[in-house]
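Participant: Sequence:
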Amino acid sequence: MKYLEELIADKGFLALIKKFLSAGHYDPKTGKLVNSDVGIPQGGVLSPILCNIVLHKFDEFMANYIAGFEKGKKRRHNPEYQRVQHLRKIAKTREERLKYLRLLRSIPTGELLDPNFKRMMYVRYADDFVILIIGSKDDAALVKIRAKDALMRLCAAELSTEKTLITHMSEGFIFLGAEIRKLKKNTEFIGSTGIGDTSRVVTRRLLMNAPMVKILGNLVKAKMIRRNATKQYVPISCTNLTNLSHYDILRYYNSKINGIINFYSFASNYSSLATII
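Counting with the working numbering, you get residues 36 to 312 for the letters of the sequence shown.
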């Protein structure tokens, strides 16, 4: 309400928003009205926009933090890469040159732990956010502490310590229902340097997978599949659909299938969803 009052002068409109926040919600399990004087009603029609209004202050904090955190134009050269590159140049046989070329492909061109090169990216969707950094683990720990402080100070929001993890990109993380991690080996090809020469070009991409284990677990809970004696997933009949027409049964299954494949249309392991279908 404090942030709304900074930009909106209409007292009647503000009073309506306050009533929406304090009216409570109906719990279908108990059949009772639940009142709350804290937070935004779960699933309320205004919840997403009110969430963005409050967390906009955190967005501004992160924008300023990123500006002060980032430094350097590029990583310094990796001495090991330069050494192997020199050995390849002075190699006398084709076999030696190929050996050093294969070795070069496993060595980064820049020094990964260069303290004078740091980068940060912040992405938020509603109340879920991820902060990606090129830096040390100590940098990551400090970002977490300052983010927690800023959320409480600016937004009166608590950071979930259970869900907020510091992890390496090779291990990956889950964000908005997707398993995101760095590829073990980057895609590479030979491309032009623009000066009549060719060079190895590396495309660094993140792998974004549909969480197959979680999806299968949800289907077990929904009693659509089960695990047999050999721990394989097998389909089971949904007896609650028995009395429906063939059309309604097919429509029910297709709604489940379309929901999964449409949500995970971006997934790197998209073809694996065929096993669920």
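Quick caveat, the hints were computed from the structure, so don't treat them as lab data. Just so it is clear, the structure is predicted and the values come from calculations on it, not from any experiment. Accuracy of the hints is not assured; some may be wrong.
Stated by the list, open to error - Taking lysine-lysine and the DSS-like style, the derived pairs with C-alpha atoms no more than 27 Å apart in a straight line are: (1) K291 to K256; (2) K64 to K183; (3) K219 to K198; (4) K172 to K109.
Said to hold, decoys possible - Between beta-carbon pairs, the in silico distance windows are: (5) N275 to G252: 19 to 27 Å; (6) A126 to G294: 55 to 63 Å; (7) F55 to S195: 36 to 44 Å; (8) D149 to A176: 27 to 35 Å; (9) N275 to A176: 23 to 31 Å; (10) L42 to T199: 40 to 48 Å.
Note that the Cβ used here is the ideal one computed from N, Cα and C, for glycine as well.
Participant: Just tell me: holds or violated, for the beta carbon distance of N275 and A176 against 23 to 31 Å?
Facilitator: Given about 50 Å between the Cβ atoms, the range is violated.
Participant: Using the beta carbons of F55 and S195, state whether their distance is inside 36 to 44 Å or not.
Facilitator: Because 25 Å falls outside the window, the suggested range is violated.
Participant: Evaluate the given range 19 to 27 Å for the C-beta pair formed by N275 and G252.
Facilitator: holds (20 Å)
Participant: Do L42 and T199 keep their Cβ atoms within the hinted range of 40 to 48 Å?
Facilitator: With Cβ atoms ~30 Å apart, the hint is violated.
Participant: Within 27 to 35 Å: is that where the Cβ-Cβ distance between D149 and A176 falls?
Facilitator: violated (19 Å)
Participant: Check the following: the C-beta atoms of A126 and G294 are separated by a distance inside 55 to 63 Å.
Facilitator: Given a distance of about 57 Å, which is inside 55 to 63 Å, the answer is holds.
Participant: Holds or violated: K291 with K256, Cα cutoff 27 Å?
Facilitator: Judged against 27 Å, a Cα distance of about 14 Å means the pair holds.
Participant: Given the proposed pairing of K64 with K183, does the C-alpha separation stay at or below 27 Å?
Facilitator: violated (34 Å)
Participant: Below or equal to 27 Å on CA atoms is what counts here, so check K172 against K109.
Facilitator: Roughly 20 Å between the alpha carbons, so the hint for K172 and K109 holds.
Participant: Next pair to validate is K219 with K198; report whether the Cα-Cα distance is within 27 Å.
Facilitator: holds (25 Å)
When each numbered hint is compared with the structure, violations occur for hints 2, 7, 8, 9, 10.
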